[in-house]
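Enquirer: Below, each chain spelled out in residue letters.
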Amino acid sequence: SQTIHQWPATLVQPVGSPLSLECTVEGTSNPNLYWYRQAAGRGLQLLFYSVGIGQISSEVPQNLSASRPQDRQFILSSKKLLLSDSGFYLCAWSDRYEQYFGPGTRLTVT
Amino acid sequence: AQSVSQHNHHVILSEAASLELGCNYSYGGTVNLFWYVQYPGQHLQLLLKYFSGDPLVKGIKGFEAEFIKSKFSFNLRKPSVQWSDTAEYFCAVNLVHNAGNMLTFGGGTRLMVKP
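Going line by line, the protein sequences match chains L and P.
According to my numbering, the residues represented by the first sequence are 1 to 110, in order.
According to my numbering, the residues represented by the second sequence are 1001 to 1115, in order.
Derived by calculation from the structure, the hints in this document are not laboratory data.
If you're wondering where the values come from, they're calculated on a predicted model, not measured in any experiment.
Watch out, some of these pointers could steer you wrong.
Stated by the list, open to error - Straight line, CA to CA, 20 Å or less: simulated EDC-like cross-link-like pairs of lysine to aspartate or glutamate: (1) L:Lys79 with L:Glu59; (2) P:Lys1049 with L:Asp95; (3) P:Lys1061 with P:Glu1015; (4) P:Lys1058 with P:Asp1085; (5) P:Lys1058 with P:Glu1088; (6) P:Lys1049 with L:Glu98; (7) P:Lys1049 with P:Glu1066; (8) P:Lys1058 with P:Glu1020; (9) P:Lys1049 with P:Glu1020; (10) P:Lys1071 with P:Glu1020; (11) P:Lys1058 with L:Glu98; (12) P:Lys1061 with L:Glu98.
So that you can see chain L by itself, here it is in the shape it has in the complex (with noise of 0.2 Å):
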């Protein structure tokens, strides 16, 4: 079956310093791979979005990339982290018909 991993789980990191969280997939083989943030009241919203390696795209500008340096594996960055980058941040998988979620990482950028 497959999962989906992502670390850490909390994070606290001041601002303007550097941001790297990871995301895994196991079990299925070249999947769509996404970053959401989630807000309180604003749900969910799309950052970025893969449907292969070294294929990346953006949704919303902002002080975040991503990269794909392997089938399963999504990374979320940045080099200088804002205050408002602060947030619940989920990773997802896809198949042909539904989105599957890893279960988050909360940043708090002090």
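Assemble the complex: chain L is given as a structure, and chain P must be docked to it using the hints.
Expert: For chain P alone, coordinates are given in the frame of chain L:
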């Protein structure tokens, strides 16, 4: 722009009350529709989905949703809620044949069921 609206941001019900959560979308093409649920401390998980066929779909835990194409709506219902239904509920839509299988989510509805 394409969007999904959930008009109820917070809902408080007593156990055994009936539930209906609204979801409206603004897409011009053929869509797939989803309801996801996030229980406290748990992953976001699929509650039910509609792709085609019978517009009344049944999901897990006694939930159902009805797709009304003329109203661009996909409301979630449950005849009798339980305390364990306390969670946040998200409606989501994607356009059929979109290359990335991307979902657009509504803002979510926080449901609290009082015992």
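Enquirer: Look at each hint and say if it fits the structure.
Expert: Here is what the structure says about each hint:
no., hint, in the structure
1, L:Lys79 with L:Glu59, "holds, 19 Å"
2, P:Lys1049 with L:Asp95, "holds, 14 Å"
3, P:Lys1061 with P:Glu1015, "holds, 14 Å"
4, P:Lys1058 with P:Asp1085, "holds, 16 Å"
5, P:Lys1058 with P:Glu1088, "holds, 19 Å"
6, P:Lys1049 with L:Glu98, "holds, 8 Å"
7, P:Lys1049 with P:Glu1066, "holds, 10 Å"
8, P:Lys1058 with P:Glu1020, "holds, 14 Å"
9, P:Lys1049 with P:Glu1020, "holds, 16 Å"
10, P:Lys1071 with P:Glu1020, "holds, 16 Å"
11, P:Lys1058 with L:Glu98, "holds, 16 Å"
12, P:Lys1061 with L:Glu98, "holds, 19 Å"
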